[in-house]
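Colleague: With chain A held as given, fit chain B onto it using these hints.
Number of protein chains: 2
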Amino acid sequence: MATVLGFMLAARRSEMQGLIALELTCELVGGISRLVHALQRERGFSNMYLSARAERFRQPLDQLTSDSRGLEQSVRRGFNRMDPETGRGADKARLFNRIALVLHGLDGLACLRRRVRDQALSPQESTRAFTRVIGGLLAVVFEAADTSVDPDITRCLVALFNFMQGKELAGLERATGVAGFASGLFDLEQLERLQYLGEGQQRCFAIFCDYADKPALNAWHQLCTDPVEAEIARLRLVAARSLPGQPLEASLGEPWFELTTRRIDAMKQVEDLLTERLQQLCQQKIRQAQADLDNHRCLLERLDQFDDASDPPETRLFNVQATELDGAPGDTMGQQLNRSVLDLLHEQNQRLQMLAEELDNARSSLNERKLIERAKGVLMSRHGLDEEASYRILQNAAMERSQRLADVAQAVLSLADLMPNASTRVKAG
Amino acid sequence: MATVLGFMLAARRSEMQGLIALELTCELVGGISRLVHALQRERGFSNMYLSARAERFRQPLDQLTSDSRGLEQSVRRGFNRMDPETGRGADKARLFNRIALVLHGLDGLACLRRRVRDQALSPQESTRAFTRVIGGLLAVVFEAADTSVDPDITRCLVALFNFMQGKELAGLERATGVAGFASGLFDLEQLERLQYLGEGQQRCFAIFCDYADKPALNAWHQLCTDPVEAEIARLRLVAARSLPGQPLEASLGEPWFELTTRRIDAMKQVEDLLTERLQQLCQQKIRQAQADLDNHRCLLERLDQFDDASDPPETRLFNVQATELDGAPGDTMGQQLNRSVLDLLHEQNQRLQMLAEELDNARSSLNERKLIERAKGVLMSRHGLDEEASYRILQNAAMERSQRLADVAQAVLSLADLMPNASTRVKAG
Numbered sequence: 367m368a369t370v371l372g373f374m375l376a377a378r379r380s381e382m383q384g385l386i387a388l389e390l391t392c393e394l395v396g397g398i399s400r401l402v403h404a405l406q407r408e409r410g411f412s413n414m415y416l417s418a419r420a421e422r423f424r425q426p427l428d429q430l431t432s433d434s435r436g437l438e439q440s441v442r443r444g445f446n447r448m449d450p451e452t453g454r455g456a457d458k459a460r461l462f463n464r465i466a467l468v469l470h471g472l473d474g475l476a477c478l479r480r481r482v483r484d485q486a487l488s489p490q491e492s493t494r495a496f497t498r499v500i501g502g503l504l505a506v507v508f509e510a511a512d513t514s515v516d517p518d519i520t521r522c523l524v525a526l527f528n529f530m531q532g533k534e535l536a537g538l539e540r541a542t543g544v545a546g547f548a549s550g551l552f553d554l555e556q557l558e559r560l561q562y563l564g565e566g567q568q569r570c571f572a573i574f575c576d577y578a579d580k581p582a583l584n585a586w587h588q589l590c591t592d593p594v595e596a597e598i599a600r601l602r603l604v605a606a607r608s609l610p611g612q613p614l615e616a617s618l619g620e621p622w623f624e625l626t627t628r629r630i631d632a633m634k635q636v637e638d639l640l641t642e643r644l645q646q647l648c649q650q651k652i653r654q655a656q657a658d659l660d661n662h663r664c665l666l667e668r669l670d671q672f673d674d675a676s677d678p679p680e681t682r683l684f685n686v687q688a689t690e691l692d693g694a695p696g697d698t699m700g701q702q703l704n705r706s707v708l709d710l711l712h713e714q715n716q717r718l719q720m721l722a723e724e725l726d727n728a729r730s731s732l733n734e735r736k737l738i739e740r741a742k743g744v745l746m747s748r749h750g751l752d753e754e755a756s757y758r759i760l761q762n763a764a765m766e767r768s769q770r771l772a773d774v775a776q777a778v779l780s781l782a783d784l785m786p787n788a789s790t791r792v793k794a795g
Numbered sequence: 367m368a369t370v371l372g373f374m375l376a377a378r379r380s381e382m383q384g385l386i387a388l389e390l391t392c393e394l395v396g397g398i399s400r401l402v403h404a405l406q407r408e409r410g411f412s413n414m415y416l417s418a419r420a421e422r423f424r425q426p427l428d429q430l431t432s433d434s435r436g437l438e439q440s441v442r443r444g445f446n447r448m449d450p451e452t453g454r455g456a457d458k459a460r461l462f463n464r465i466a467l468v469l470h471g472l473d474g475l476a477c478l479r480r481r482v483r484d485q486a487l488s489p490q491e492s493t494r495a496f497t498r499v500i501g502g503l504l505a506v507v508f509e510a511a512d513t514s515v516d517p518d519i520t521r522c523l524v525a526l527f528n529f530m531q532g533k534e535l536a537g538l539e540r541a542t543g544v545a546g547f548a549s550g551l552f553d554l555e556q557l558e559r560l561q562y563l564g565e566g567q568q569r570c571f572a573i574f575c576d577y578a579d580k581p582a583l584n585a586w587h588q589l590c591t592d593p594v595e596a597e598i599a600r601l602r603l604v605a606a607r608s609l610p611g612q613p614l615e616a617s618l619g620e621p622w623f624e625l626t627t628r629r630i631d632a633m634k635q636v637e638d639l640l641t642e643r644l645q646q647l648c649q650q651k652i653r654q655a656q657a658d659l660d661n662h663r664c665l666l667e668r669l670d671q672f673d674d675a676s677d678p679p680e681t682r683l684f685n686v687q688a689t690e691l692d693g694a695p696g697d698t699m700g701q702q703l704n705r706s707v708l709d710l711l712h713e714q715n716q717r718l719q720m721l722a723e724e725l726d727n728a729r730s731s732l733n734e735r736k737l738i739e740r741a742k743g744v745l746m747s748r749h750g751l752d753e754e755a756s757y758r759i760l761q762n763a764a765m766e767r768s769q770r771l772a773d774v775a776q777a778v779l780s781l782a783d784l785m786p787n788a789s790t791r792v793k794a795g
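In order, the protein sequences belong to chains A and B. Each residue of the first sequence is one higher than the one before, counting from 367 in our numbering. Each residue of the second sequence is one higher than the one before, counting from 367 in our numbering.
Isolated chain A (complex conformation) (with noise of 0.2 Å):
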């Protein structure tokens, strides 16, 4: 039978189960931070074995797959847990059908591996194809942000997603320098394609600045801080500075892998931190969202006593507020029992809209990522223009009216949903 009580209750036991499923997908996004680093020495040494042909990469990139695959058990086994049966609603089915994506790729890693040790395929062939697995492991990271029920989770793993962003964009930026300092010079697409990967790590570490908490930022700014840091920044530059197609010193294809290397590697302890945090953030906010039920527990309970003894109690246990009409008559401590039940209602549901706000705060700089992405699309597939180009055209379009990157992506979007004549649609790569 409905009653007040019984849906009260069952209102914190739905905030209770949706923090039980959101502490599962927090624990499968640490693996999957786990297993993208390590896709990323594997994409890096692949990218290595088959720019130079040297068999002695052989061995160490037998191990690093050797690794890969271990967590990709660890993630399938998160998968496995997730019980799809349980789930319902669009935002479910988003991550469902992104993980659909993720184990689609995955299950072609065994393909492409073969391909690679064959040295069939180029560096560049290699690369794309595990970026594509390492992009749709990030996508469901960024589902879990954008589904999370809890503002202070949320907060955390949108500077996570943002980090890890960062951190594939790294990798990226190290295969491009390998590409060109291994081949003794970048073409002018390399030069371009390394000021975009640069610009795409500023942008996602400002973000997650914003979001992450005090020890990943203190860790980030050491990082910051360390001479590599100084070392890669210098061969930037003379990658930068090169003339397209104009030879450079060949030796600095192994100095610069290994300095990226130890800065990506770097940067998995700073995720680390976060992955970290976000399993302490889950068990609080469950250990706190336990007392709670604990407590209205606590109160049903005394309602039973109260209907059954005769006596009311002596001390007044809750704070009553006279509002004219609210409850049924009857004595004295009946009423304020039911008062106070009244009170706790409308906290709960102060705080739940208070929640909901914070949710949509928290969720700002996804949406605004959602739009850019968008903007983007429709750029790529109007003019036929790729994703740098029409990143860049954004961004200029920006820079020139002095406007933010979300707002000049809204503008784009509006004009073209004013013009749907046009509408090749965009294949999601």
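Hints are supplied without guarantee of correctness; some may be wrong.
To be verified - In silico EDC-like links for lysine to aspartate or glutamate, alpha-carbon gap of 20 Å or less:
# : chain 1 : residue 1 : chain 2 : residue 2
1 : B       : K736      : A       : E723
2 : A       : K736      : B       : E723
3 : B       : K736      : B       : E754
4 : A       : K736      : A       : D783
Rather than coming from a laboratory, the hints here were simulated on the basis of the structure.
Modeller: This is chain B only, laid out in the frame that chain A set:
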């Protein structure tokens, strides 16, 4: 085991389950619409009964009470069907908490009705008590609109919520008019209240017009051009042009009550069109999702068949996008099917993203409403104003600066965040 196709189907099933849960909510909303209408009639008659102290109103009042009770039972059955155990997350928690508040209000109706019959309270007190219960029911409809998983259904729920809210303001206008016309004069507070209620109706019906479908809009325009509307407008003018405290013709009470009752009953017909449309939309969406799910299952079976059979089917069943490295190696047909799965996943992905955006758009008016309600709450708690006065301050500021009401509300809230010291909390009424 986590497989591509398993999660692909799970995604579609999640959407399906979300729609089925939404259909249940929409049925409940239909029941709430009927109960609110009955309670509005009962409130109006209770008001008449208490104002006129006329025993001839007793019998029709008892009939209206009996109608309300019947509809209350059906709403309670709707709550019972909701199965609080399946809810997860803060969205459901908000809904359940709202329902707990509604049940608290419904439980108090027996006492209220007894006091009305004992003439033990003023018409204003009775109206306030009924209004609180109706407000709680409207909040459930708001929550339903805010958590609906389909953009078209959200639009319909937004239209319905605003229409119900407008109709509720029309009911309060009726009560305020009855109080004034029956007592033979309006005091300043009543005159200001009539103006507030009139403007509130305009806002609500304007949003309704933005979101409603053709049949409901047509019915609404017909209602607006009905002679009853002109007669009510004339009586509104009589009140508005009277000086505060100056006697009127006392005989206008009953014509006002009858005309406004006819108007509100006519509104109920528009509302019925909206709730019917809601049911149709739910059924249509579920049919569509079912067909999609069947198509997916069909693809799955074909993949299975292909795994068994040695001869690949002769026709090309699916569109093939040749992208390098997607898909495991194998014979051509297997690769084609594999790629068609990838296409399907990317399509789903895009569709779900679009759905999320459309949902955001459909919810925009709800978000504006939340902003305005919160800003009113801040003004009420910090400056000890009542709801009408707070609204008027927002409205005047918006007119002076030629800004939207939501923007002014946002400014008030930002300012309040900067000065959190004056932290008297609002008790929701």
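Colleague: Next, verify each hint and record whether it holds.
Modeller: For each hint, the structure was consulted:
1. B:K736 x A:E723: holds, 9 Å
2. A:K736 x B:E723: holds, 9 Å
3. B:K736 x B:E754: holds, 16 Å
4. A:K736 x A:D783: holds, 16 Å
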